[in-house]
Amino acid sequence: MTQDTTRPAAPDDWEAVLAHSFGQVLGRPLSAYDPAARYGAYFSGNFILESELDRDPVWVGGAALAGREPVVTAHLLLTPPGDLDATELVFDASRSYFLVEPTKFPDAFADDLVALSPSWTGAVLGADLGRLADRHGLDLASADLPGGAWRLWEGRIASADTLLDALRAATGLLGATGPGDVPAGLGDSADEVDGEAHDRIAAVEDDRLRDYLAAFCDPESHDLALCLYEMEEEQDGGPLVARWDGSVDQYEVVVRRIDA
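Those letters in the sequence shown? Residues 50 to 309, by this note's numbering.
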């Protein structure tokens, strides 16, 4: 672990340090993004499908879909063991997106489900799905529902709507209130992190934060949990700010502007 020899950031300037550091990661300052817009970090990918975690009833409990209870699962981590300190993810099911098959439900529910979107794609916001289930008296967590009735499509990592908070959520730094809380990084000696990644964030003064974020900048490594490789792409849910790939394409984390 790299020893942090820089001065500790004062509580009132830690967010400024993070904002500058993420600007280095993205290649543009956060001030260049719309400050009035809302942003979120979303987790998806093959791993949750293959493990069937996308059908875990914990996602569709009434309190979870209403946003009253978070979803915490030890099976979804930002990093595999041995790379960076494992960060357990906390999700907001009410702001996550679900794929729902109308034909698996009673006609009245199905009609209301399709009416949620004139151009129906099957993706439903958790809060909308919860309200609809309540209206029709349906328990989406019931084992009696037909197979394939619903599945999680994108899990919203719990955070506020600012771009900085979304980026902190995507990189496991929501709980860090200063350099001392930053998880251990890979450091300059790690073969997985190439020179481009370190050059991109060379202006980050804090050693520990720089070593941690260097891994998230690396466009080549497949061993790291998150690898940045696309930005400014348009997605269905809104313009993409950043996208990372993890564990050899097994999952991805994206940060995007929320237009709806």
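Derived from the structure by calculation, the hints contain no laboratory data. One thing to keep in mind: the hints can contain errors.
Stated by the list, open to error - The calculated lysine to aspartate or glutamate pairs, modelled on EDC-like cross-linking and capped at a C-alpha distance of 20 Å, are:
{"id": "1", "residue 1": "K153", "residue 2": "D210"}
{"id": "2", "residue 1": "K153", "residue 2": "D105"}
{"id": "3", "residue 1": "K153", "residue 2": "E118"}
{"id": "4", "residue 1": "K153", "residue 2": "D177"}
Unchecked claim - Just the calculated beta-carbon pair ranges, DEER-fashion:
{"id": "5", "residue 1": "A123", "residue 2": "T226", "range": "18 to 26 Å"}
{"id": "6", "residue 1": "E269", "residue 2": "L98", "range": "21 to 29 Å"}
{"id": "7", "residue 1": "P84", "residue 2": "L148", "range": "29 to 37 Å"}
The model shown is predicted, which means the values in this text are computed figures rather than measured ones. Just so it is clear, CB atoms sit at the ideal spot from N, CA and C, and this is done for glycine as well.
Hints and how they fare:
At roughly 34 Å between alpha-carbon atoms, K153 and D210 are farther apart than 20 Å, so this suggested pair is violated. In summary, the hint linking K153 to D105 is supported, as the alpha carbons are separated by about 17 Å, within the 20 Å threshold. Between K153 and E118 the alpha-carbon distance is near 27 Å, which puts this suggested pair outside the 20 Å criterion. Under the criterion of a C-alpha separation no larger than 20 Å, the hint pairing K153 with D177 is consistent with the structure, at around 18 Å.
One distance hint, 18 to 26 Å for the beta-carbon pair A123 and T226, holds here, with the actual separation near 24 Å. At roughly 25 Å, the beta carbons of E269 and L98 sit within the given window of 21 to 29 Å. Between P84 and L148 the C-beta distance comes to about 32 Å, which sits within the given range of 29 to 37 Å.
When the structure is compared with the earlier hints, violations turn up for hints 1 and 3 and for no others.
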